[in-house]
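Produce the complete structure using the sequences and hints provided.
Protein chains in written order, with the working numbering: chain A, 2 to 436; chain B, 11 to 693; chain C, 75 to 277.
Heads up, some of the hints might be wrong.
To be verified - Keeping only pairs whose Cα atoms sit at most 25 Å apart, straight-line, the calculated DSS-like set for lysine-lysine is:
| # | chain 1 | residue 1 | chain 2 | residue 2 |
| --- | --- | --- | --- | --- |
| 1 | C | K256 | B | K591 |
| 2 | C | K225 | C | K203 |
| 3 | B | K593 | C | K203 |
| 4 | C | K175 | B | K593 |
| 5 | B | K338 | B | K301 |
| 6 | B | K591 | C | K189 |
| 7 | C | K203 | C | K128 |
| 8 | C | K189 | C | K265 |
| 9 | B | K593 | C | K265 |
| 10 | B | K555 | B | K436 |
| 11 | B | K591 | B | K462 |
| 12 | C | K265 | C | K225 |
| 13 | B | K338 | C | K175 |
| 14 | C | K256 | C | K203 |
| 15 | C | K189 | C | K175 |
| 16 | B | K301 | B | K437 |
| 17 | C | K128 | C | K175 |
| 18 | B | K338 | B | K437 |
| 19 | B | K591 | C | K203 |
| 20 | B | K436 | B | K593 |
| 21 | C | K203 | C | K189 |
What the hints contain is simulated information worked out from the structure, not anything from laboratory work.
As a plain string of letters, each chain reads:
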Amino acid sequence: MERASRDAFMERALRALSFALIAFALWRLFTAAGDGDVVRVRSSSLARDLPSIESARTAALHVEMDAALPPAERDALVAVAHAGTRVTWSAPRATLSRQGAAMTPLAAVAERAREPGGPVRIAVTSAADVAFSDGLAALDTVRATAAIRGATVSMGEPSGALGAVSGAVRAFIRVPAAAALHPVLVVGRAGWEAKFAVAALEERGWTVEARLFVAPGADVTQGSPGAIDTSRYAVIVALDTTLGSVAASVVRFVRQGGGLVLLAGAANAPAVRAIAPARAGARRLADVRAFDAAEPVNAMALYPLEGLRGDAMPLSTRGALLTVAARREGAGRVLQAGFDESWRWRMQGGADAVAAHRAWWSRMVASVAAAPLPPADESPAAEGAPLARLVDALGPAVAIAPDASGPHRLPGWLLPAILLCLLAEWASRRWRGAR
Amino acid sequence: MTILERVERARRTLRATAIAAAALRGLAAALGILLLSATVDAFVSLPAGARRLVPFVAAATAIALFLRRLSRAGVRADAGSAALWIEARFPSLRYALVTAVDPRYEGRVPEIERAAAQVSFEPAVRRAARRALTGPSIAVAACVLVLLVLPAGAVARVIRPAAGDALSRVRAESRTNPLASMVVRVSPPAYAGLRDESFDNPASVRALVGSAITLEGVAGDGQVVATLGGSRTSASPSGDRWRLVLAMPSAPAAVRLHAAAHERLLVLEPVPDSAPVVVLTAPARDSILRKPSGRIRLSATASDDYGLASGAFELIVSSGGGENFTFKSRTIGAATFASRSGELAATISLDSIGLQPGDMLHLRAIVRDRNDVTGPGTGTSDTRTLRIARADEYDSVAVDPSPPPEAEKNALSQRMLLMMAQALEKKRPQISHATLVGESRSIALDQTRLRKRVGEIVFTRLGEDTGEQGDAVQNRLDQQVNPDSVLAAADRAASAAAGTALEGDHDETPLLALNRPLLEAYNAMWSASGELEVGEPGKAVPFMKKALDALQAARSAERIYLRGSTRAVVVDIDRVRLQGKDKGAPGARTPRPAADPSRDDRIRRFDAALRLVRTAPSAAVDSLLLLRLDLLDRDMAAARAIETAANTLRGGHDATSALIRARRALTSVPSAPAPLTSWGSPP
Amino acid sequence: MSDFTFCTVQYDSGDWDSAPLVPANLIDSVARYTSISVAPTGVIVPLGSTELFKYPLAYLTGHLPVRFSELERRTLGEYCGRGGMLFVDDHNHDIDGVFHKSAHEEIARAVGPLKELPNTHALYSSFFKFDDGPPATTHELNGWGDNLVHKHLLAVMRGDRISVLYSSKDYSSEWGYHPDNKRFLSVDNTKFGVNIVVYALTR
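In structure tokens:
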């Protein structure tokens, strides 16, 4: 009997304790936080909580970043901070879900290749995997091992807004509009190089005009003759020293902003000597015979670049020989590539040689093509480095002890404690045989 | 009847009842599984693989349950357990029955037997048997009744699942959409010898060109009309179903089916019938024959993907030369086939063809397959060319297996001379000096005669093929046609580096270029003659061996295209540059189209399909299938990626990664290889 | 280093070298009328050899049946696919002859079917103007071969470019003379050959 009374006492104590905990929970639910409390919110629910936060004029607000913070909401927090509330933020706590990953730094910027149908190239750096998506669906993912060193991803035209997500950070990437490209003018002697260079550019989507010298007074032309200026052409490609009627205008064209590509020995033409990055040396045959898919230019004959100008930038070499260089002349650019008979790559190369030859020619022309700059996009939705902007706006992340609760928050241990007390009380009664 | 007999009868009854009850329970369980499967299949179409397992699962369950019930029922193995069963129901017996049937007490306690005999337990046994069998019997009867009520097709789908039984499924939805469930039966053309196949609700069908494609569904609202290309075909009713027959076209196409407000797409992918593959095994290579006589064996092997029909050898005889040729053709060795592979064999008699020197005989095998839909496919072998040598070509060294050319005969003679010189040197100690010199000079005479014949071969080659430019070449030759010049040329030939091409370099005279090995032999023979003239056969032997080696090398030389190299005319470019009287006036060049002009359109269509994935997945699948159709003959990798994404969507699974891959395959842009950087790109 | 080297195709089945003077004659003509850097002699390349890809314009002729091996067929298909152009001339001038029929069959198998080339095609104005299409040859006008004057050439097109040009007019005989003998001709009959070369080099 003594034991029975002890058990009954314990049961009454447990019941009282559970009622006390329930009362405490009710009290916490229906009372607001005091002025000295820090209001904690999650970024995923910030849009819903912001009105009450702003109207409550809390002293301190802490935001836990469990999801990407859109720029508009970040700016709203900046406004709250300026109104006198101390705003801090922290990275999300480690959870089982991958969504709760750390706030990894992420920076991404996109550029569009200046060629028809060219890819959008996105340069990205992050400490974690980066997933790209557009308005339609996911696009691609760059692994952390590549992103941490800085990676460049090429992809087709995105549909809608282009975004990148890395952990809890989301970047909205601005993709410049496709520039309207003027035609390319190819000049030189009629021959296989002219035929296949023009073919490669046209097949790649460029509009090409041509002046191919066949005999005195007998040129094969494509396009209507007219002034050589940047309103009509984006690039002039000189295949050899035969410039014909273009010679008189090419320097002015480049200085106005046009692009000039000098192949083989074209740099030695009198009209372009003054603006070429270097002069073309004596022609040399290649040491290798086969067009290797990785380095096909090694099998091309070469006019090595000699006497590089001081303001020219060397871009590529073959052993001790300079093969490609470029320089700026006025508002324009000049690219000199000493390779000769590149058409052999298309004819004698591997299975992908035709497409690769086209891409090579298109890339060369695109690197100097004159194109109007795309208009600056002031859209607030686009930002490529969101974490940097957040730190800039609200300061770095802070670590805050999980002690205080917000106006609607109950301690996590409360409900299990209540249940445990009730369960223990019931078990004890049943054990005694009481009802 | 004694008590023992009564108990034994009761035991048998109980045992039979237990076995029957266990069997009925097992049967009820099996029927229940079939009934459950048919019911589930009515709402959620079970895949054929799962349905094939149902009978096995039902049977296994029935057997397992039967054995378990038997073991639990405790089949009455002996009279004692039967007696115990009776005692449990008649406590008044107080184990009298058990004692009575115990063999140890049999006949010894008659009063116990009498007491046991007074109890009538048979009715209880019968009642127990009825109770034990009633439940399972009712269960079995109920299952059978329900299965009988279900449509036969629905039951057959789980008992005997087969391809094409989709229409037998009892569907939970209303039968208003005749395109909701469709079976496609493919009947390949008869010549292919393939079996018919059925497919349930396919999105695409692959079959041989010309196959009959039968579409069948359950009739519902509206008539089903199929649009293929520009033609429309209406389905015909067949009982409670509709049926429509199409022919597999030769190019991929999409069949659009309409019925009232319902639509469905079916992609037809034709499988072309390949032409037979023919290999001419004999003769194994081209050849030049010295005489147009003899018999030549012809043989060829052929194979086809569906079946061969007939084959023969084709012969074309070309006669003539220069600008005048006549041709005769015939076929021999015709044969018919009845399988997918076969052999052709024939023998031709060159005498019967009437070939003349200079004629050419072209041989090849031609085989046709049994394709009577798109026309018989014709496969041809490589062509072998047999040429009958002219008399002036007997010095050709590219002969196999012709009789040995003059060079070969020279080699035999040179070998004989060598042997004679070696034998003379060997018997030198036994003969006088005069005899040695005499015999040595005799060998020298033969050697000189042989050397002159080699020299004649060299000159004979050049003497006829002068052509238009002959004057210039002939002048050069006239200057050189004397033994000293030939010897000088032979010297140069002999001292040339090993491995030099037999036909020579471009700047050599035709004389040297043509006859390098023979000139080498000529030179060596000259030296050998000199030594033999002075009675030194031993010193002549090395030179004679060298001549023999050179003749051997000439004999085994590759074919030399003498006519091509002898007639090379070098144009004096500088002399004729721009000397033409007429001036050209080139027309304007027209631009080439882009390599893939419809690429942007395909990307737009893919994006449009992506937009439908969440809101209208079936429409998205149709769009992807149509896009895949356009890619089939253009970009197989992208077509495969899109097919995978479409099938994943159709299965109701998450198609995110499949769509990413498809998108990447479709929009990938060939990138320029290194080393061009992006120098010059906007900042 | 020359921009253009004339290439004669050597194939196994027939008399590929039946017009050995055509290369020199066309080289001479190209040098006479244009400034194109041209090699002074032609080359002979086996059809099945990868060397063929060094010469994006190739010439094929003969009298005898044309039968390509599988390697030759594959090489020719790849050659034309990359932008090479083959000029085929029937030295028999006979559309009922074995060269014509067999060449058609082999070209169709390797590259594609031959179709009539309109006489307004750019080929006929690529350097000299031929308003009436391909110029007739003396063999046609003298009634040799099939006794026909063929008004059109045939071609396999790749897009709008000629991939294989086929002639039944026997230009191989028409042009098969030493270039020095041009001085005896009042009209140079090789000018159409210049058109073919210029077309190949510029289109």
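Each hint tested on the structure:
Taking the CA atoms of K256(C) and K591(B), the gap is about 12 Å. The hint holds against a cut of 25 Å. The straight-line distance between the Cα atoms of K225(C) and K203(C) is roughly 16 Å, inside the 25 Å bound, and the hint therefore holds. Our distance criterion of 25 Å between C-alpha atoms is met by K593(B) and K203(C), whose separation comes to about 10 Å. Our distance criterion of 25 Å between C-alpha atoms is broken by K175(C) and K593(B), whose separation comes to about 37 Å.
For the hint linking K338(B) to K301(B), the alpha-carbon distance of about 19 Å falls within 25 Å, and the restraint holds. A threshold of 25 Å between alpha carbons decides the hint, and for K591(B) with K189(C) the separation of about 34 Å lies outside it, so the pair is violated. Between K203(C) and K128(C) the CA atoms are separated by roughly 29 Å; this puts the pair beyond 25 Å, and the hint is violated. Between K189(C) and K265(C) the alpha-carbon distance is near 24 Å, which keeps this suggested pair within the 25 Å criterion.
Simply put, K593(B) and K265(C) have alpha-carbon atoms about 10 Å apart, close enough for the 25 Å limit, and the pair holds. Taking the CA atoms of K555(B) and K436(B), the gap is near 16 Å; set against the 25 Å cutoff, the hint holds. For a cut-off of 25 Å, the pair hint linking K591(B) to K462(B) is broken: about 52 Å separates their Cα positions. Between K265(C) and K225(C) the CA atoms are separated by roughly 17 Å; this keeps the pair inside 25 Å, and the hint holds.
The suggested pairing of K338(B) with K175(C) holds, with an alpha-carbon distance near 14 Å, which does not exceed 25 Å. A distance of roughly 20 Å separates the Cα atoms of K256(C) and K203(C); the hinted pair therefore holds under the 25 Å criterion. Between K189(C) and K175(C) the CA atoms are separated by roughly 14 Å; this keeps the pair inside 25 Å, and the hint holds. Straight-line distance between C-alpha atoms of K301(B) and K437(B) comes to about 43 Å, which puts the hinted pair past the 25 Å bound.
Between K128(C) and K175(C), the direct Cα distance comes to roughly 29 Å. Violation of the 25 Å bound is thereby established for this hinted pair. At roughly 62 Å between alpha-carbon atoms, K338(B) and K437(B) are farther apart than 25 Å, so this suggested pair is violated. This hinted pair checks out: K591(B) and K203(C) have alpha carbons roughly 15 Å apart, not beyond 25 Å. With a C-alpha separation of about 79 Å, the suggested pair K436(B) and K593(B) falls outside the 25 Å cut-off, and the hint is violated.
At most 25 Å may separate the alpha-carbon atoms for a hinted pair to count; K203(C) and K189(C) meet this at roughly 22 Å.
The earlier numbered hints that this structure contradicts are 4, 6, 7, 11, 16, 17, 18, 20.
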